[in-house]
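There are 8 protein chains.
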Amino acid sequence: MDFTFDWSRAARTGLPEAVLCSAKSSTQLAEILAAARARGARLLLTRLEPAAFAALDEPARTGLDYDPLSRTAVLGGEVALSEARIAVVAAGTSDLPVAREAVRTLAFSGQGARLVADVGVAGLWRLMERIEDIRACRVVIAVAGMEGALFSVLGGLVAAPVIAVPTSIGYGVAEGGKAALTSALASCAPGVVAVNIDNGFGAACAALKMLGPAAMGEG
Amino acid sequence: MDFTFDWSRAARTGLPEAVLCSAKSSTQLAEILAAARARGARLLLTRLEPAAFAALDEPARTGLDYDPLSRTAVLGGEVALSEARIAVVAAGTSDLPVAREAVRTLAFSGQGARLVADVGVAGLWRLMERIEDIRACRVVIAVAGMEGALFSVLGGLVAAPVIAVPTSIGYGVAEGGKAALTSALASCAPGVVAVNIDNGFGAACAALKMLGPAAMGEG
Amino acid sequence: MDFTFDWSRAARTGLPEAVLCSAKSSTQLAEILAAARARGARLLLTRLEPAAFAALDEPARTGLDYDPLSRTAVLGGEVALSEARIAVVAAGTSDLPVAREAVRTLAFSGQGARLVADVGVAGLWRLMERIEDIRACRVVIAVAGMEGALFSVLGGLVAAPVIAVPTSIGYGVAEGGKAALTSALASCAPGVVAVNIDNGFGAACAALKMLGPAAMGEG
Amino acid sequence: MDFTFDWSRAARTGLPEAVLCSAKSSTQLAEILAAARARGARLLLTRLEPAAFAALDEPARTGLDYDPLSRTAVLGGEVALSEARIAVVAAGTSDLPVAREAVRTLAFSGQGARLVADVGVAGLWRLMERIEDIRACRVVIAVAGMEGALFSVLGGLVAAPVIAVPTSIGYGVAEGGKAALTSALASCAPGVVAVNIDNGFGAACAALKMLGPAAMGEG
Amino acid sequence: MDFTFDWSRAARTGLPEAVLCSAKSSTQLAEILAAARARGARLLLTRLEPAAFAALDEPARTGLDYDPLSRTAVLGGEVALSEARIAVVAAGTSDLPVAREAVRTLAFSGQGARLVADVGVAGLWRLMERIEDIRACRVVIAVAGMEGALFSVLGGLVAAPVIAVPTSIGYGVAEGGKAALTSALASCAPGVVAVNIDNGFGAACAALKMLGPAAMGEG
Amino acid sequence: MDFTFDWSRAARTGLPEAVLCSAKSSTQLAEILAAARARGARLLLTRLEPAAFAALDEPARTGLDYDPLSRTAVLGGEVALSEARIAVVAAGTSDLPVAREAVRTLAFSGQGARLVADVGVAGLWRLMERIEDIRACRVVIAVAGMEGALFSVLGGLVAAPVIAVPTSIGYGVAEGGKAALTSALASCAPGVVAVNIDNGFGAACAALKMLGPAAMGEG
Amino acid sequence: MDFTFDWSRAARTGLPEAVLCSAKSSTQLAEILAAARARGARLLLTRLEPAAFAALDEPARTGLDYDPLSRTAVLGGEVALSEARIAVVAAGTSDLPVAREAVRTLAFSGQGARLVADVGVAGLWRLMERIEDIRACRVVIAVAGMEGALFSVLGGLVAAPVIAVPTSIGYGVAEGGKAALTSALASCAPGVVAVNIDNGFGAACAALKMLGPAAMGEG
Amino acid sequence: MDFTFDWSRAARTGLPEAVLCSAKSSTQLAEILAAARARGARLLLTRLEPAAFAALDEPARTGLDYDPLSRTAVLGGEVALSEARIAVVAAGTSDLPVAREAVRTLAFSGQGARLVADVGVAGLWRLMERIEDIRACRVVIAVAGMEGALFSVLGGLVAAPVIAVPTSIGYGVAEGGKAALTSALASCAPGVVAVNIDNGFGAACAALKMLGPAAMGEG
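Chains as they are written, first to last, in UniProt numbering: chain A, 1 to 219; chain B, 1 to 219; chain C, 1 to 219; chain D, 1 to 219; chain E, 1 to 219; chain F, 1 to 219; chain G, 1 to 219; chain H, 1 to 219.
In isolation and in its complexed conformation, chain A is listed as follows (with noise of 0.2 Å):
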């Protein structure tokens, strides 16, 4: 294989690099970890299923931080953590993986988060018991499938930038997140802002874009 990786992509956008691995053989992603390894690159792998993960050989799956939750892996350690600046709020226990998919992220990239979990809008108490937790963030990371009415809620309660993340937890005409995801771009609440279904990494990637240069800085 002669893969082109785009490593210039920190500078440039001051994101981290980071690798799908959905849709990619063992092979292939032993060969990205080698290359990365030469370089002397740290780097996330998402979406690396446990089977995925299982099936790297060892030289492959050396020094790999990997966290079966959130699918996601680390290569060359971690970093200090900064204050929390972003809240990255779930609104049940079937929406973790995704929330923690972005707190991964921050944490690659030296961010520390405030993860709210277990707040969805049928018991509105637990939301409103957390509230000034998430008013102290600079930025929300809303996560939330079914019908997604949280991301309204909270869009309507903090000044913050709010991202939601649909989730494709449900079933029906919820199944695979298109009824949360759509929830997020009709809200009645204005400045919410959405990203791809169960996209954890892409939420991530932009609060830190949003908290601009210095942030990013510090990745």
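Hints listed in this document are in silico derivations from the structure and should not be mistaken for laboratory results.
The reader is advised that the hints may include incorrect statements.
To give an idea of the interface, some chain A residues facing chain B are shown, with a C-beta separation under 10 Å as derived from the structure [what the hints assert, rightly or not]:
no. : residue
1   : A51
2   : A52
3   : L81
4   : V121
5   : G148
6   : L150
7   : L157
8   : S183
9   : A186
Coverage of chain A stretches by chain C, computed from C-beta distances (three or more under 8 Å per stretch; other residues unrestricted) [to be verified]:
no. : stretch
10  : 123-131
11  : 168-175
This one's a predicted model, so the numbers in the text were calculated from it and none came from an experiment.
C-beta: ideal position from N, C-alpha, C; glycine also.
The hints should help you fit chains B, C, D, E, F, G and H onto chain A, whose structure is shown.
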């Protein structure tokens, strides 16, 4: 024309005699009205656009109580209203035509209703200010377009059944009302039920059925 | 894990404490069950696949009443059942799992139900033979896949509210249940309301709300 | 213009010479009519809106038998009708334009038809009152919009083939006729076949083919 | 279990007793087969996957004539076949399972069929070589996936009614059979009718109805 | 206004300078035309509705060669046409506006074209009569709406590349051209390529590119 | 009418007071304007079509600064603009109305903006000529219809967050803006976020939130 | 089995003999291979999954050159390759299987190809480094998933025809390849044509046709 009206519907199902006017010609509507007058029957007309009402000839229009906002007309006069046991809750000003179609259908059957408007979740305090009024009712009809987050928030706050009426208010992904409809169906708040987009009439019929035979007998 | 269960839901909305299991890990489910046991709370688990039930460890499974057909489990034992005021009507044998999820949810709350099965409209005489049994109930839950014609036929025959539960039974254009769902929403019989595809639990919750506070208090 | 009419179609397939007018200009229609007159051919025009008919010049309109309800026109005069062996069953008043397109197409080919209207399943007794009339026919064309439950109910009641014509009558999820179409295709009653939405002409053509060569020879 | 089979269907509609197996458990299927044997009824089983057939216990399987290609089984033995008056035309090798489901359904009812395979329109000469064989039949069942162009080409070449059976063969925009289905419904050749995707059984039922009562009496 | 026209496009890609007019105001179009005149550039305008053409003021319209059928206008006069090496094949009369947009775009670049119309596959003999004319060309542009079966039939008959242009002609499932588009993409005849619905201009551009630099130099 | 304006929104979320006019009647708009004047509040009106503006009576229109291109009106006069820290980048001339809605919303809140137009990726040199101007901004709003390739190209070139605003410019598969929207959400360039189709207002609100409280305080 | 292979396709259309394996059984494939061997014909097999290849028996597999990445097999050995006149450009590593299907199809017909990989537009410099190599070719096949922005960028940079092959790489709104497909069809760069999702074979066939009879004669 030689149509067969379902005159026994009221007896069989307890629902009002009603005619959906949108795809019927002036001639067809005039014949239906004449047949109702000949039987001395009261009749509710829905989706009667102002232009279609104006196109009816004088005999057809005589004695019709027409409301352009809800596009409904009543033949046969008003009946006394019961105390309001049904709340009709509308998210925004643009949802009022559909909300009013529900209110007028209930009134046709003798049921008073409590209309609560402009309580969209982007400004949650407005809903919370009115929530006790809503909780006092036995059935709640919730009317909302765009992302329809109101349905889930209400469903989590009240013990009464919540009938969601998605409206076609919105643009882009919300155009036509599909986004609000999927929010109603995918709601994380159990016990929310849905009717078709913009179907204020159907929601009112369902509410009448929920109040039970006594209520319908009052119509 | 550190989740926030909505323990006040029953008090606020009258509905059973329930957990949707489909996207939760064994670990997450075990923690939820332990928390419920610690509070002495009864709990209903839905969409718990046989494999997921089998994957629970012994302490988690102890005392769970599991039903593989409906994929539901009950923690905390049975309660006495009221006389049946709710009919659960299923079009075909394949719709029974969803119908049974509704019956089990009602039973969890102390409500008996009348199950009427195999009354699809292709053989209309079967429904007509049972129609008086159905008419005797105060709420009707109708469960059907494929084209969902049962919803409209029932809606025209009974005075009780009809809650349509479309099922994902079918193939081709009916795959996933969208055909049955649109039939429910577009029904020519006014007063039919719909819940999400395969959502027997939600239909039961709505039925409980329709019976009113007294019924819910019995749960 | 220099078009190539398929004059041999009748000989090859037994179907009437027909022109779909909706996307053709007045000039194009006038040329087609002139060519038919030059050959002494009879011709059926479908989807000829009143405004498009009015826009034809005098020579083009001469001798056209135009029916605004069904938006059809016949060039070349009537033929004697056979006894009715085809039933055209319409669910509601709003479905009559499509039903009438079928009846007019059959008449153009010399086939009488039995029109049965206003027999939607929300008031099932209306259909049952007419069912023997329908059973006496060799082919049934069923015309319905909204949720199209009529197709399955009819399919389970008659031995003749049922050709379902979904109509674009309805709003919300039923808008455009997709809901009725999927009901026809997903019908639990075997032996129901479907044509395109609002395609009364195509249903009549299929019915003619089902009656067989003798019937078509009468056209 | 306590199911209500529609034993009067054959008498009422002339169609074979049949059971759609795809969403039924082994237990349910065994009970249905036992009930049929108890009545001495013949029975056709469709969509019985090889694994589901293998999962039936010995008593349930005894005397079943199972065909894995079409996934059909017959209980009650063969009947003598009439001369073939129905052509079953399949575009490609991959469409044969569905074509064979139609052929087996016809045979169950005593109707012979002429199977014409591998005549996709990309090599039109293959169809033209067989066209006279097809024209000799009174009904044509056309089976095709991908873009389904065969339906229109056949519809323009034969006088018999053409029943289009779209198949789920294809990928990308053709995945699931929607592309072939819309081609059938939108066909420029009048007189083509459609059944659901992969519904060889339904097409055969429609063909039986088209041949009329005499043919069905032979089954 | 201060727009930046891509004047180097012709040099870079060999394609004509063209402006899509549908969403531009009269003022914007007038400024674009003035800029082109100032440079002495030839310009092709597409999707210029008759009303939009009429709304242009006198200076803007001067010297425009406008064709209402194809809704195209040419600024800068005609060029000599090459011998026709491209066939433009239209299924029906209603497809002529799109076919003509392709012919006019080719003519703007100096390429003659052979227009073959009214050869829809429902009457296959019409296409077979013209097939040798089509086979003599180096590129084939096929224009069809409804089910678009023409694309596959042509693709199987000619050695030249076939560029499918689905049109928005049709109703019901064919409305908007999606049915014809999926037929083009799912074609069982390899080597068929597709452009957007109604995009005669794009098909002509692709054909110019296929003829190669020499052809484009003639424009 | 008796509506409840969310007057505390600005304090709570930092966003401008705004009214979406598209589904409101002249009477409703007049009442809203009167209420704002009574409070001395500034107000932004969006989606106010020229015909709707013309339909307002004199008192309602007085003092409104109306811009027909962006269909926005401002009540309460201009405020001084900050230096431009937000770039609004439009792919084509047809995207200018949406781009301008964003610029006007920013101006209402006192934020200057840098408008960069006609930089669609089909002529990449145009974007590259302006890229340094864009890179100098802290937030980028990208406005594009058709296939929306601009979003990914920009996302890969700048360090600032990119808010994608898909527009409804396009036809065929691009009609209504869904193609551009999916391009924004599926972007291979991480850190791109999206708002609803044609939602220039929402993009501006998100940009204001990203600049942070200081910026919003200037509004 | 008794299938009719289209052996004259090569002569008629210049394209390779090929078999789509995905929905065929091992038995069917073995028969097709035996028939080809009996005629001494070369044959290309596409979409032959590794498991399906492994399931072939020894005689069927003998002499097959199988490539698991592209899931293609060649019967009949290699032919000498022409100089590369076709560029196959792949956006990412995950798109290589489809790109390689195209390269292998071209090689089967004797055409060399220039493979350019990892040039997605998020890092535009990678594409610009290779653009002259691509410009040197007479046809460009572009392979991309996710949002497919590569198609438009390439279309604006090269004079050769660009055949877009959308791939099913992506998740959420990009799942299945529809997002990339609509980008190809809606491209703002004229002259881009599209084939079905993942259809590397079809793109290669179209490229062969574009090179013309001479090129195909080399196969």
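Consistency of the hints with the structure:
1. At about 30 Å, the closest approach between the beta carbon of A51(A) and any beta carbon in chain B exceeds 10 Å, and the interface hint on this residue is violated.
2. At its closest, the beta carbon of A52(A) sits 30 Å from a beta carbon of chain B; the interface hint therefore is violated under the 10 Å criterion.
3. Taking 10 Å as the C-beta cut-off, the interface hint given for L81(A) is violated, the closest approach to chain B being about 32 Å.
4. With its C-beta approaching chain B no nearer than about 5 Å, V121(A) sits inside the 10 Å limit, and its interface hint holds.
5. Interface hint at G148(A): satisfied, since its Cβ lies 7 Å from the closest Cβ of chain B, which is below the 10 Å cut-off.
6. The criterion of a C-beta within 10 Å of any C-beta in chain B is met by L150(A), whose closest approach is roughly 8 Å, and the hint holds.
7. Given hint, L157(A) at the interface with chain B, holds; its Cβ is 7 Å from that chain's nearest Cβ, closer than 10 Å.
8. Contact between S183(A) and chain B, as hinted, is supported at the beta carbon level, the nearest pair being about 4 Å apart and thus within 10 Å.
9. The interface hint given for A186(A) is met, as the beta carbon of that residue sits about 4 Å from the closest beta carbon of chain B, less than 10 Å.
10. Closer than 8 Å: that is the beta-carbon criterion, and the stretch 123-131 of chain A has 3 residues meeting it against chain C, so the requirement of 3 holds.
11. A count of 6 residues in the stretch 168-175 of chain A with a Cβ less than 8 Å from any Cβ of chain C is obtained; the coverage claim is therefore met, three being the minimum.
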